[in-house]
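J.: Protein chains in written order, with my numbering: chain V, 1 to 91; chain E, 1001 to 1093; chain Y, 2001 to 2313.
Calculated directly from the structure, the hints in this document are not laboratory data. Be careful, since some hints might not be right.
[To be verified] Cβ pair distances, simulated, as ranges:
(1) E:P1057 / Y:L2151: 45 to 51 angstroms
(2) Y:L2096 / V:C21: 25 to 31 angstroms
(3) Y:L2147 / E:M1001: 51 to 57 angstroms
(4) E:P1034 / Y:L2016: 28 to 34 angstroms
Bear in mind the structure is a predicted one, so any value in this text is a computation, not a measurement. From the three backbone atoms N, C-alpha and C, an ideal C-beta is built for every residue, glycine too.
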Amino acid sequence: MVDFLNAAAGMLLITTMVGLCRMLRAPTDTDRMMTAQLAGSGGVGILALLAVAGEAPPVLDVALLLALLAAFASVAFVSGASTSTSPSDRP
Amino acid sequence: MSTAIALVTVVAVSAGAIFFLAGTIGLIRFPDAPCRLHALTKADNLGLGLIVLGLLPQVGTLAEALKLVCIWLLVMFSGAIVTQLIAATSRHK
Amino acid sequence: MTSALAFDLALAALVLAIATLTIAAREAMSAVISFIAYGLLLSLAWVRLRAPDVALTEAAIGAGVTGLLLLGAAATIGHRQAGAAPPLALMLAAGLACALVASGLAATTLVLLPEPAPTLAPPAMASLATTGLGNPVTAVLFVYRALDTLLEKVVLVLALLGVWSLAPDRVWGGVARLGPDAPPRAMLVFLAQLLPPVGMLIAIYMFWTGADHPGGAFQGGAILAAMWLIVLTARLADMPATSHPGLRLLVLAGPMLFAAIGFAGWALADAFLAYPEGYAKPLIILAEAGLTLSIAATLACLVAGPATRTPPP
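Next comes chain V alone, as it looks inside the complex (with noise of 0.2 angstroms):
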């Protein structure tokens, strides 16, 4: 069980990192958002797995923390794109 979790793991990782390095020499800025949301969730399913294949609860806590602030990045990007790239009155 311990080696099939592992494999699957695997999988997903490798998974993430076909989907990742395509987009990430893709053309516009929203596509490459949506590598850091595969990024995201692939990143949970990995630590999830591992954490029931390695026996550490510990490590479901960073997929936990993971699934909280896997919006943040997406949210940073979309409210600093929602308007032309003036910047606020600064000097």
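Dock chains E and Y against chain V, hints included.
T.: Relative to the frame of chain V, chains E and Y by itself:
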């Protein structure tokens, strides 16, 4: 009994990993941003849900099982909202 | 080859690939997004190195705080391309110097270090029972090297002072604004209404469980800071002015409480930052509670940046 549980875990985790693979292939191959967002959010979250379902019989305590469910719910919730935000941004660009 | 080793090799290759993509990126925004993905993968690497505390901190800071900070910076820079590249000879010299340093470090640690490597881990674990804690990392942070932790928190406050001092004179003490001035989308407001309560619960859990399991004040504080930042981004509330006494007190409360406990150690246990017999764990948890709040306030203020508007009357 334990072999039945192991079988459930193997089947669910394998199905989850396959859905994840399908979602990522869709992310790479679909023509435009909204289609890619579909693949990213729906297929990947379904894959994650199946993986969580497969892992639930394997954990030792109720707290860990609840944590797994919380993880899945959080990823689903934030994924749904982030998809809408990214789609709206890509449409206005 | 065992499955774990194969996984580690794949992870190492992926981390190197993402790092290369980050350095080779042409625009600021793509480099920042690659860097965020790199941080997420690095927390996976820490998990594989059996350091869950570091993985927690890497995930919290890399995904939450640093992501917001760098993306805001990249959005402000705009789509400016990088300036003219430095001359090739200079780049080659820099690369050679980095390679020499890296190979020197690798030689000392991998080849010249005696086997087994010298470590203080066994004595640290042996004394763990006297501290009353279950997590050796927290014992190192708050018992064996408590002075370092106190000074680190002071350094955090100094960094915040440095950021605040970037405000121009006419808006000194004013309000910092996060992000552009356009009203936020309804979905973002919805996210900012629903996520922070869950986040606060998880932050308190992280702080509380740090005594016996991986976690602690820094991770909890980072999550709280991220929650506050998303509330700010969605314009559900405004950052208090940097001259607001409550904000300044919140930033200082953690280090001051920790220092007070340290001075009390002089009276009660014969040394600065020593704990009286049997009271170590409650005092440590008290110090951590204060530090969680202060770290949250400091990190949120650091990301929000210097003041840009005059303070309200």
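J.: Quick check: which numbered hints come out false for this structure?
T.: Checked against the structure, no hint fails, so every one of them is satisfied.
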